[in-house]
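Chemist: Sequence:
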Amino acid sequence: MREVAEGVYRVPARAANAYLVDAPRGLVLVDSGLPGSEKGILKAIAKLGKKPSDLKLILLTHRHLDHIGSAAALKKRTGAKLASHPFEKPYAAGTLVIQAPSAWSLYGKMVRKLTTLEYWTLKLFRIIKFQTAHVDLAADEESVLEEVGLDGSVVWTPGHTKGSVTLFLNQSSVAIVGDLLRARRGRLVEPLLMENIGQTEASVKRVLDLGPQIICPGHGKPLPASRVKIEKRMAKPVVVAKKKEEEEDLEELASGLF
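Count the sequence shown with this note's numbering and you get residues 1 to 258, in order.
Hints are supplied without guarantee of correctness; some may be wrong.
Said to hold, decoys possible - Computed spacing ranges between beta-carbons, pair by pair: (1) Gly-186 <-> Lys-47: 26 to 32 Å; (2) Trp-156 <-> Lys-229: 20 to 26 Å; (3) Arg-2 <-> Pro-24: 21 to 27 Å.
Stated by the list, open to error - With a Cα cut of at most 27 Å, we get these calculated DSSO-like pairs of lysine-lysine: (4) Lys-76 <-> Lys-56; (5) Lys-56 <-> Lys-162; (6) Lys-39 <-> Lys-50; (7) Lys-56 <-> Lys-43; (8) Lys-51 <-> Lys-81; (9) Lys-47 <-> Lys-76.
If you are wondering where the hints come from, they were derived from the structure by calculation, not from laboratory data.
Just so it is clear, CB atoms sit at the ideal spot from N, CA and C, and this is done for glycine as well.
Whole structure, please, built from the sequences with the hints as guidance.
Modeler: The following block contains the structure:
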């Protein structure tokens, strides 16, 4: 666990980052990692001198299993309320199942290799036991942060998925963005896969317009907002996702699975 800013902590979970925010009336957890990440997150809570019951809110940035996988276990253990965007709620509840995408694209062009990567990633996810969870709160409502007294906002940032959200903290100027951006070689770049490229670009601009000092991605280390570098990459008419980059991303995912 590492403190990113005052009261904001990065907790490396299985395959993705989780973040703890120490709010005036309890802890907020942003994302929960793959199933099995709850033990590490509970240990992080204890290191802060808190009890499991001090976790009051679990906010899901989007529906992918490496972000929602331990939400049910943590909710049961702590009594925390669970929040997600309404578009993502059916996936957390298990009423909709994520399918391998048929038209995921990068830079406006079908990428067969990456679609294949996503397909086999989902195959691996199905091997892992996933507990469904009831979502208590809609993350797009202003009141979602009121119960914990957190000075911030939940911003709808679609692109990676339709219901992706970002948590922006006013006091520390920290944006916790889920998979809207990923850290790669000291830069913050576009996600490997996007449901909508135009929405991704617009959402990144929306986050930057908030004036964050630090951006906390779902994968990789938090970095200054000045490290966002997507304009040239997104503008290229040809695919720039190289084989080495793809292999590294798969290796990173696998290290969290096993």
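Chemist: Could you run down the list of hints and mark each one as holding or not?
Modeler: Evaluated hints:
no. : hint                            : in the structure
1   : Gly-186 <-> Lys-47: 26 to 32 Å  : holds (28 Å)
2   : Trp-156 <-> Lys-229: 20 to 26 Å : holds (23 Å)
3   : Arg-2 <-> Pro-24: 21 to 27 Å    : holds (22 Å)
4   : Lys-76 <-> Lys-56               : holds (12 Å)
5   : Lys-56 <-> Lys-162              : holds (26 Å)
6   : Lys-39 <-> Lys-50               : holds (14 Å)
7   : Lys-56 <-> Lys-43               : holds (16 Å)
8   : Lys-51 <-> Lys-81               : holds (16 Å)
9   : Lys-47 <-> Lys-76               : holds (20 Å)
Checked against the numbered hints above, the structure breaks none of them.
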